[in-house]
Amino acid sequence: MANFLLGRLLQSLVLLLIVSIIGFAVLHLAPGGPLSQFALVPGLSKEDLARIAHEMGLDRPLPVQYWEWLTRLVGGDWGRSYRDNQPVLAVIAGRLPATLELMGAAILISVFVGIWIGVMGAIRSYSLFDMLATVGAMVALSIPTFWFGLIVIYAFSVNLGWLPPGNRMTVGGDGSFLDYLHHLIAPALVLALVEVAIWSRYMRASMLDVINQDFIRTARAKGLPERTVLWHHALRNALLPMIALAGVEIPTLLGGALVTETVFTWPGMGRLLLDSLGYRDYPVIMGILMFSALLALLGNLLADIFAATADPRIRLT
Amino acid sequence: MKSENVLEVENLSVTFATERGPLQAVRDVSFTLHAGETLALVGESGSGKSVTSLAIMRLTPPAPLVALGGSVLFTGADGGKRDLVTLDPDAMRAVRGNEISMIFQEPMTSLNPVHRIGDQIAEAITFHEHISARAALDRAAGLLDKVGIPDARRRLSAYPHHLSGGMRQRVMIAMALACNPRVLIADEPTTALDVTVQAQILELMKELQQATGMAVIFVTHNLGVVAEIADRVMVMYSGAIVEKGGVVPLMTRPLMPYTQGLLHSVPRLDPEALGLSPLEAIPGSVPDPFRLPPGCTFAPRCRHREPACEAALPTLEAANGNHDVRCRRWRRLAEARA
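These protein sequence lines are chains A and B, in that order.
Note that this note's numbering has the first sequence beginning at -1, numbered continuously upward.
Note that this note's numbering has the second sequence beginning at 324, numbered continuously upward.
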């Protein structure tokens, strides 16, 4: 186990390094820069901008800039936002709880609803329910998240007035748990939709595979009630591949959160990233990139450790 | 003891719905199983022997099944008779694993990989006998010991992947015997095992049968195993019984050409002594179940066939004593050999 963790740590460091190099390069390859938005501002001459760029170190060769950023990061300094001069870590930390709240809610919904739909679809394969679930999953996977988000806002906020159209809480409200929950419903459902579809499809396939196994016939031959056969013998086995899926789905979810947060003006990391991209706020963008990569690696590590505890045949080496 | 029938199977037939239409996998199978005896069910792949054994347990896959016909009268320990074909699902569950148990061909995949073997044995006991989990685990340890697994108490917490194929089959047997069944159905229990392990498992099954007095239906295609373990033998071909009788008459003086072919296709070291050629295969293969010949289903492969064989399916007729055969020419063939 200790060897496994050490190996994983080294692997992760290498991966993070690669991610940072690619991210940094792609970011600077895009035309424009943090100062291009000021190009047409009256009273700011080309020389002024060049001087500011020089002071910010933006005119130096890319590898030098990267090296500078990297050495600072290793020293624990994530840099400061170009926009408001706040430390990057503080900016991210301010937005993290909202994103974790949204992602957590979406994960809970997608795991429970997705697994339930998948299991039911497998048990009653080719029934009306199964066919509706299959078509529904295809539709859910095909709908763009931003469009679905807008439809939900139009239907439930504008027309019906049941749910708030955005934000994490009522501005100037009492900040109660119910108020937070009320604001969370729509974005969490929108973000979860695609995940529910993915989970239900994988779960159905996995469960179908398991219920045709010999050991399920053995369980029935013992005279166990169907309920025990399915939920005790089949489900536990069918869930094993899902653990790995959970690890892989975290980055996907983060990507979905970016869109959802923008549509619902959710004050999370996704919106921060989008805003920062608009301003070419390099330090914040790089910070979010590294943070997401870290989250993805951590998710996969946890999935592997959890899989080893759930499946007695797996040993971490 | 011998006279009591635990199972009376009458005209059992199993039909599956397939994409090519209904498929009758088992056709009008009738037999009785006496208390304490071993009945071997022999046939090639696709002969319906496994489906017959699953149908008795009502474990045939429910989805493509269209019809289960006939009756399976089971005499319980209390002496009451029940028809397993029409028994309601809850009552059927109370029979399964309790009064009739089953073990399967593939010990490697027949145990649940994520549960401890002790729990897998104990769960049937707690379900059928409503005793505490602790007491059930105690009994499971005793059962593991009885099937020859060393250090039984410690093995309760082992997972299936810790055990070899032979050991897993022993666990399956322990599981099947957990509630002292009256009937054990063994569907090719030794086919997937090494020869030396096969012999050990057969020996174990014989011992346990003598100790418990249960009846065994032993499904196999291995005639060596049949000679070893069976009291009576039933030969199946394309879903129907073609010959049945005591193990000695059937194996020494088979009446049906198919049974003769089966026996001749077993390699022997002394073929000359028995007046046989070294190894004789039955030509051709099992008929397509969707296009069964109208007459005797074995006729296309039979070297003794005559035109009448292909006209109508012969009935299963009593040859002598308890020896039945489905062949319109058996009498003449027997005379010709004598």
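Since the hints were derived computationally from the structure, they do not count as laboratory data.
Remember, it's a predicted structure, so these values are computed and weren't measured experimentally.
Glycine residues also receive a C-beta, built at the ideal position from the N, C-alpha and C atoms.
There's no promise every hint is true.
Stated by the list, open to error - Facing chain A, a subset of chain B residues (Cβ under 10 Å, in silico):
| # | residue |
| --- | --- |
| 1 | 384 |
| 2 | 419 |
| 3 | 427 |
| 4 | 501 |
| 5 | 514 |
So, going through the hints one by one against the coordinates:
1. At about 8 Å, the closest approach between the beta carbon of residue 384 of chain B and any beta carbon in chain A falls short of 10 Å, and the interface hint on this residue holds.
2. Against a cut-off of 10 Å between C-beta atoms, the interface hint on residue 419 of chain B holds, since the closest Cβ of chain A lies about 4 Å away.
3. The interface hint given for residue 427 of chain B is met, as the beta carbon of that residue sits about 6 Å from the closest beta carbon of chain A, less than 10 Å.
4. The interface hint given for residue 501 of chain B holds, since its Cβ lies 8 Å from the closest Cβ of chain A, which is under the 10 Å cut-off.
5. The interface hint given for residue 514 of chain B is violated, since its Cβ lies 13 Å from the closest Cβ of chain A, which is over the 10 Å cut-off.
Checked against the numbered hints given earlier, this structure breaks only hint 5.
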